[in-house]
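Engineer: Position chain B against the provided structure of chain A, taking the given hints into account.
Listed in order, the protein sequences are those of chains A and B.
Under the numbering used here, the residue at position 22 of the first sequence is numbered 22, and the numbers go up by one with no gaps.
Under the numbering used here, the residue at position 25 of the second sequence is numbered 25, and the numbers go up by one with no gaps.
Where hints are given, some of them may not hold.
[Unchecked claim] Below, in silico cross-link-like pairs of lysine-lysine (DSSO-like), each with a Cα-Cα straight-line distance of 27 Å or less:
{"hint": "1", "chain 1": "B", "residue 1": "Lys355", "chain 2": "B", "residue 2": "Lys382"}
{"hint": "2", "chain 1": "A", "residue 1": "Lys321", "chain 2": "B", "residue 2": "Lys321"}
{"hint": "3", "chain 1": "B", "residue 1": "Lys321", "chain 2": "A", "residue 2": "Lys271"}
{"hint": "4", "chain 1": "A", "residue 1": "Lys382", "chain 2": "A", "residue 2": "Lys357"}
{"hint": "5", "chain 1": "B", "residue 1": "Lys357", "chain 2": "B", "residue 2": "Lys382"}
{"hint": "6", "chain 1": "B", "residue 1": "Lys7", "chain 2": "B", "residue 2": "Lys321"}
[As the list claims (entries may be wrong)] Simulated coverage check for chain B against chain A, where a stretch passes if three residues somewhere in it have a Cβ under 8 Å from a Cβ of chain A:
{"hint": "7", "region": "132-141"}
{"hint": "8", "region": "287-294"}
{"hint": "9", "region": "370-380"}
{"hint": "10", "region": "399-408"}
[Stated by the list, open to error] Pairwise CB distance ranges, derived in the manner of DEER restraints:
{"hint": "11", "chain 1": "B", "residue 1": "Thr63", "chain 2": "A", "residue 2": "Gly82", "range": "52 to 62 Å"}
{"hint": "12", "chain 1": "A", "residue 1": "Gly243", "chain 2": "B", "residue 2": "Arg185", "range": "48 to 58 Å"}
{"hint": "13", "chain 1": "B", "residue 1": "Asp58", "chain 2": "A", "residue 2": "Glu84", "range": "50 to 60 Å"}
{"hint": "14", "chain 1": "B", "residue 1": "Ala28", "chain 2": "A", "residue 2": "Thr377", "range": "39 to 49 Å"}
{"hint": "15", "chain 1": "A", "residue 1": "Asp242", "chain 2": "B", "residue 2": "Thr88", "range": "56 to 66 Å"}
Treat the hints as calculated values from the structure; they're not laboratory data.
Where a beta carbon is used, it is the ideal one built from N, C-alpha and C, also for glycine.
Number of protein chains: 2
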Amino acid sequence: MTDRSFKVALLGAGTVGSQVARILTEDAEELASRIGSRPELIGIAVRDTTAARDTTVDAALYTTDAEALIDAADVVIELTGGIEPARTRILRALSGGAAVVTGNKALLAKHGTELQRAADAAGVQLSYEAAVAGAIPILRPLRDSLAGDRITRVLGIMNGTTNFILDAMDSTGAQFDDALAEAQRLGYAEADPTADVEGHDAAAKAAIVASLAFHSEFTIDDVHCEGIREISADDVAAAQADGYVIKLLAVCELDGEGVNIRVHPTLIPRKHPLASVRDAYNAVFVESRDAGELMFYGPGAGGAPTASAVMGDFVTLSRRKVLGGPAIPDQSHRNLEATSLSRVVSRYTVGLHVKDKLGVLARIAQVFADHGISIQTMHQTKHPEHEAGEPETTIRIVTHRTTDERLEGTLAEISALPTVDRVTSIIRVEN
Amino acid sequence: MTDRSFKVALLGAGTVGSQVARILTEDAEELASRIGSRPELIGIAVRDTTAARDTTVDAALYTTDAEALIDAADVVIELTGGIEPARTRILRALSGGAAVVTGNKALLAKHGTELQRAADAAGVQLSYEAAVAGAIPILRPLRDSLAGDRITRVLGIMNGTTNFILDAMDSTGAQFDDALAEAQRLGYAEADPTADVEGHDAAAKAAIVASLAFHSEFTIDDVHCEGIREISADDVAAAQADGYVIKLLAVCELDGEGVNIRVHPTLIPRKHPLASVRDAYNAVFVESRDAGELMFYGPGAGGAPTASAVMGDFVTLSRRKVLGGPAIPDQSHRNLEATSLSRVVSRYTVGLHVKDKLGVLARIAQVFADHGISIQTMHQTKHPEHEAGEPETTIRIVTHRTTDERLEGTLAEISALPTVDRVTSIIRVEN
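So here's chain A without its partners, still in its complex pose (with noise of 0.2 Å):
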């Protein structure tokens, strides 16, 4: 179709890594067509070269010299993962005038602003569609079609791992242990979960989102993040039989003059969009102050999902470049502040194990108003007499809406009273 072409360095043959190398061996004339010009992979940066390959790649491709690479190439896709020495790479590429493709949401959300202005300065492309939700679209849609919109707030499931966790807690009654052993076992969970049921994961992929959606500049660091290594079967079968469901919610949402970005176990209610958010897949809802709602839905990881996403931005920039356009900048410039999440308005539940003696309830209930909270539903469940002979009761509590700070003050005060044994869960409800 064209006898232009230009080069493509890839760094990276893992689970990402080999699918593009694939598609771009397999599709080469389809993408030179769709381009305008000839994709030519270079070559393949990895570690020892003498590892297990893809036999439907050309051996020679690959090498362990990435700089070499970087150094002759138009256009450098980097999907090795990790801060360094992806970030200096990066850089390397971004100064010597190459388009990059990213995936690194690790990278991104500690040193986005870094690489961006590195692209500005250099006019060249940066994207990055594939850190964020695997093959969903969702940073194009945030940053151009909604760029003449005001986005209100974003809820995200972007992290397929806890996703699936949560749902076999949901639609089976599993406790959290049995559900991340069989997330194991089938391949959705690694043997180091930390990253993913702690929340850092999500955290990452919200920093970036939140930097897009609202036009400044956040880092990890910015976001408030908790796990569900906590939640229990007995949160998930109280959450049900009120019509809830609990998922793992990525909040980026404008807090005044600043934004609020949190990741923490969630209530929805079941009728919600988000709530019919299956296995792991991954969605995003949006609101706006013109568009309403929107919902993207799809995978959030794999090797050739992640891979579309790559290649979409591969073929965007590369057209791009070959039709001699000028890099976009960074459009960042509102620079809204991180707001703290002692601010944040929400409505509660909260677990309590409380000895059961009369006037409980009632204490509880006072100290709650004492500290200005509104109370929508308290419930009591009595338990079997414990070993210890003395008879335990649950109360779960739902509250109206109220702050961080001043549930915590309250909580403080009743985790302190005789009757209580321990607060057992506080998760956040969203409507």
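Structural biologist: Relative to chain A, chain B alone:
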């Protein structure tokens, strides 16, 4: 923020146009900073400047001289609808070097290729996200985000009026006429609902979506179109009993070396993500080789949501114009042909009214077998005796996969049987 400005002409001041005028006026500062140059609204072309106008917009902006306005503009936003004079005006704008944003689906579905070629020839941008599914960003993801993937099928609920009617029938058991009257009362359906209920509106959108998804040129004449007028409360109840819901789907799918594009009522399983699209919402479900299954959901119509899509196009295209980048030409190059409906393989539900005589079911089953169509299920429901005194039965058949052509031949033979009163419904089933 910037001293430079560029001139914007708005054609039309209806539901969407008035919202666009509001945003251009109220958000001038914010838009200037996002675009990098100040958009100056130089006029709003209307048929009659004396009609009641939005008081937030300077009355002096209204004019009946659309041509003079177009000739003075850098960007033209066309929101008048209909084929003429919209087509002539857009061609005038493009050939004069102005970029154009339009939400005119009827025009694009008929003359999209002509307009795109005129834009490419002039080296200017033509954008039309608002033409499909209102505020839902679907065209940009299809064109850019999935540019390195291979889309195999698109299923869309692309008309809010019919989704409202079908959802009402599903949740209340109402007949079509009552649900339509309710939709009209609530403003979801027009006094003359033909374009919506006959599927013409969805068919126009399907032609636009298929063109982008398959990088080819299709018009509304390539779309097979059936509406929802014939859907009865009985059909809805029978679907419910089998775990299905009836939706008016636009289906665009690869069919050998071509693309089949059609709009028709369809049974989809209740667990399918499209099944939970309620009220007047729209959703587009995309299947592709690498990304797998994606869904985009949101308001499919309305002044503000559609204006959000218009403004997204406007900011993106103006930004590129300000940066001095070239327009992105059309990527339609595969030129796949539209295929005939008779080739399409699908499952069907067929409803029949028959005389309640022994052996009628066996006779009908034999005709299906003679035509090589395998029956999955066959239900028989006996009715109270007719006034005429003759007992009657409803038979509902779900077939395995077969072609439209083969089913047509089968039903022609069955209709001619003396024991068969009539075929009451034929609805396709998607999984």
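Engineer: None of the hints should be skipped; say for each whether it holds.
Structural biologist: Status of each hint after checking the structure:
For the hint linking Lys355 of chain B to Lys382 of chain B, the alpha-carbon distance of about 10 Å falls within 27 Å, and the restraint holds. Of the supplied pair hints, the one linking Lys321 of chain A and Lys321 of chain B holds, its CA atoms being roughly 16 Å apart against a limit of 27 Å. A C-alpha spacing of about 43 Å is found between Lys321 of chain B and Lys271 of chain A, which places the hinted pair above 27 Å, so the restraint is violated. For the given pair, Lys382 of chain A sits about 11 Å from Lys357 of chain A by alpha-carbon distance, which is consistent with the 27 Å threshold.
For the hint linking Lys357 of chain B to Lys382 of chain B, the alpha-carbon distance of about 11 Å falls within 27 Å, and the restraint holds. Restraint check for Lys7 of chain B and Lys321 of chain B: the C-alpha separation of about 12 Å stays at or below 27 Å, so the hint holds. Only residues whose C-beta sits within less than 8 Å of a C-beta in chain A count toward coverage, and the region 132-141 of chain B has 5 of them, enough to reach three; the restraint holds. With a cut-off of 8 Å between beta carbons, the region 287-294 of chain B has 7 residues touching chain A; three or more are needed, and the interface restraint holds.
A count of 0 residues in the region 370-380 of chain B with a Cβ less than 8 Å from any Cβ of chain A is obtained; the coverage claim is therefore unmet, three being the minimum. As drawn, the region 399-408 of chain B meets chain A at 0 residues by the rule of a beta-carbon pair under 8 Å; below three, the given contact is violated. Remark: the range hint 52 to 62 Å for Thr63 of chain B to Gly82 of chain A is upheld by a beta-carbon distance near 59 Å. Between Gly243 of chain A and Arg185 of chain B the CB atoms are about 30 Å apart, so this pair departs from the stated range of 48 to 58 Å.
Taking the beta carbon of each, Asp58 of chain B and Glu84 of chain A are about 56 Å apart, inside 50 to 60 Å as hinted. Here the CB-CB span from Ala28 of chain B to Thr377 of chain A is close to 47 Å, well matched to the stated 39 to 49 Å. A beta carbon spacing of about 59 Å between Asp242 of chain A and Thr88 of chain B agrees with the range 56 to 66 Å that was offered as a hint.
Hints 3, 9, 10 and 12, counting from the list given before, are not met by this structure.
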